[in-house]
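Q: Produce the complete structure using the sequences and hints provided.
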Amino acid sequence: MPQPRVVAATLLAALVCVPAAGLAYVRSTTTNTAAPLIWMRSNCVHVRVNSKGSDDINDGSDVAAAKRSIDNWRKLIGACSYFKFVVLDDSPDAKPEFTRSGVNENVIYWEENDWKHDRMAAAITTVFFLEKQGDERDGRILDADIELNGRWFHFSSAGTIHKTDVENTVTHELGHLMGLDHPCDDGARQPVPKDHTGATIPSCTTVLGSTSDPKYAAMRDTTMFNFADPGETKKRSPEADDVKGICEIYPTAQAPSACEPVSYDENNGGCDVGGSPPPLASLLIWALLLGLPLAARRRSG
Amino acid sequence: MVLLAFVASSSQATIILELDLPQLVGRSDVIFVGKAIKTYSHWSEDKRHIVTDTTFQVSTAVSGVSQGKSVVIRRLGGAVGGIGMRVSGAPSFNKGDEVLLFTEKRGNGKRYVVGMKQGAFRITRDRTARQVVQTRLDGLALARRSPQGRLQMIERREAGPELLGHFVNRIRQTIALCAREKTRCRSRE
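Protein sequences appear in the order of chains B and F.
The opening position of the first sequence corresponds to residue 1 in this note's numbering, with each subsequent residue numbered one higher.
The opening position of the second sequence corresponds to residue 1 in this note's numbering, with each subsequent residue numbered one higher.
I should point out that these hints are in silico values taken from the structure, not numbers from a laboratory.
It cannot be assumed that every hint is accurate.
To be verified - If you want the footprint, here are the derived chain B segments under chain F, 3+ residues with CB under 8 Å: (1) 125-134; (2) 242-253.
As the list claims (entries may be wrong) - Keeping only pairs whose Cα atoms sit at most 20 Å apart, straight-line, the calculated PhoX-like set for lysine-lysine is: (3) B:K116 to F:K35; (4) F:K105 to B:K95; (5) B:K75 to B:K234; (6) B:K234 to B:K215; (7) B:K116 to F:K47; (8) F:K182 to F:K110; (9) B:K116 to F:K69; (10) F:K95 to F:K47; (11) F:K69 to F:K110; (12) B:K67 to B:K215.
Said to hold, decoys possible - Chain B residues, not near chain F, derived (Cβ > 10 Å throughout): (13) S51; (14) R74; (15) A79; (16) S91; (17) G187; (18) T233.
All C-beta atoms, glycine included, are put in the ideal place defined by N, C-alpha and C.
A: Here it is, written out as structure tokens:
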């Protein structure tokens with residue numbers, strides 16, 4: 001008799017790893033070259049939450065809810081994707097910005113005063129990427145920041161009706177951070193995007209208006225769906241379509257060995273290297289190539 | 001049918017409150033039908049974002065501008081020198097696009113589409129070559145603030161293409177309404 005935990009793990013793996021008919025996801029693309037956006041050459045992405053959180057929540061549950069959003073993805077994609085979130089220590093100094101020379105930090109940040117975007121937007125994810133026609137790195141994500149509009153919106157960490165739920169919102173935004181786009185056409189994107197099968201996505205009007213088609217009902221339940229109710233919490237848990245997207249973009253079998261933040265140097269022809277000190281494995285390889293000086297020194301000592 | 005409330009978008013992704021037609025009018029100081037004749041992407045003045053300025057030639061002036069004039073609209077996102085930036089929910093325009101735009105000037109002196117994609121209506125031709133606007137978002141129910149400031153669900157209206165001339169007339173009637181009842185055209189945030 002299998003242990004319950006094993007059964008659960010097996011079921012989870014079956015849910016997320018076996019191709020299921022009808023599942024669809026849409027990838028975000030570059031502006032002009034239409035290359036899909038993707039984190040490259042690292043098996044992880046570093047994220048830092050601004051510790052000030054939201055002015056609407058004073059018990060720290062806002063920052064905790066943002067971190068739960070990360071866990072919501074982790075527990076579902078872990079069985080089939082190499083993509084890992086590395087959560088850095090909270091900091092009051094974490095701000096959404098992009099540097100063209102150095103390591104970029106991906107942050108989750110509440111802007112309470114100086115909201116520079118349209119005031120009707122509750123949250124915005126800004127993604128910077130390489131856009132170079134014909135370059136193998138075309139579409140490589142360099143930085144992604146999530147900004148929540150504390151200036152004009154009220155946030156809740158408890159799914160309070162009439163307020164914007166932090167966990168629901170951030171889980172959705174993290175999908176964008178990883179490279180996913182919305183599954184239906186809301187008129188903002190030209191040309192109208194295609195899903196991962198190459199099919200043009202349906203209009204949101206059709207998806208919202210259909211009460212009988214199970215395909216559209218499933219789409220409405222996804223975390224990456226374009227719309228949400230006030231106080232909605234169902235986007236907290238990614239659905240099979242969402243998970244399939246991440247697991248096919250970042251499949252376990254193609255895992256890079258390194259876990260490093262992205263560093264970008266515009267003055268060096270856009271060449272990039274890992275921003276952190278080289279991992280022990282790399283040092284050992286270099287030591288071997290250089291004639292094992294580390295080992296030799298140890299022996300002679 | 002009672003429906004959904006936020007729009008989440010372009011990379012972005014964005015969650016936006018609905019603006020109905022009077023609120024779109026109330027927030028806009030320049031409304032026009034025009035054709036995109038030039039786009040130019042560059043780093044913003046504060047060097048934080050990539051922005052794209054699109055120049056439109058006004059073919060039908062609805063409010064705050066004259067026919068034949070040029071209007072430059074800024075949006076977040078674009079590509080410069082091998083780097084791209086994308087924000088979900090910001091409408092993008094290509095050279096040659098024909099649109100009806102509700103626009104406002106922000107604190108930085110630049111002009112933007114109101115309510116992200118809500119203030120942009122693409123113009124296409126129907127089967128008899130008449131100009132129609134795709135009022136998809138106009139037909140979606142989104143979130144709205146109650147007088148007490150709470151978010152509430154609202155009923156969904158049917159969506160569909162509308163003749164451009166009809167829509168422009170509706171906007172002009174709404175401008176007249178707003179002149180009489182200013183509070184009706186104020187967006188509640």
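Q: F:K69 and F:K110 were given as a pair; does the straight-line alpha-carbon distance stay at or below 20 Å?
A: Roughly 17 Å separates the two Cα atoms, so the pair holds.
Q: Does the structure keep B:K75 and B:K234 at a Cα separation of 20 Å or less?
A: It holds: about 16 Å lies between the C-alpha atoms, which stays within 20 Å.
Q: Does B:K215 lie within 20 Å of B:K234 when you go C-alpha to C-alpha?
A: 17 Å, holds
Q: Take the C-alpha atoms of B:K116 and F:K69, compute the straight-line distance between them, and say whether it is at most 20 Å.
A: Not satisfied, since the Cα-Cα distance of roughly 28 Å exceeds 20 Å.
Q: Holds or violated: F:K95 and F:K47, Cα atoms, limit 20 Å.
A: 25 Å, violated
Q: If you draw a straight line from the CA of B:K116 to the CA of F:K35, is it 20 Å or shorter?
A: Violated, at roughly 27 Å.
Q: Tell me if the straight-line CA distance from F:K182 to F:K110 falls inside 20 Å.
A: 25 Å, violated
Q: The region 242-253 of chain B covered by chain F? Criterion: 3 or more residues, Cβ-Cβ distance below 8 Å.
A: Since 0 is below three, the answer is violated.
Q: So B:S91 supposedly isn't at the interface. Is its beta-carbon more than 10 Å from every beta-carbon in chain F?
A: Fine: 19 Å to the nearest Cβ keeps B:S91 off the interface.
Q: Just want to verify: B:S51 was marked as not at the interface with chain F; is every Cβ pair farther apart than 10 Å?
A: For B:S51, whose nearest Cβ neighbour in chain F is about 22 Å away, the distance exceeds 10 Å, so it holds.
Q: Decide, holds or violated, for the assertion that all CB atoms of chain F are farther than 10 Å from the CB of B:G187.
A: It is violated; B:G187 is separated from chain F by about 5 Å at its closest Cβ, not greater than 10 Å.
Q: For B:K116 and F:K47, compute the direct alpha-carbon distance and say whether it is at most 20 Å.
A: 14 Å, holds
The structure does not agree with the numbered hints 2, 3, 4, 8, 9, 10, 12 and 17 stated previously, though it agrees with the rest.
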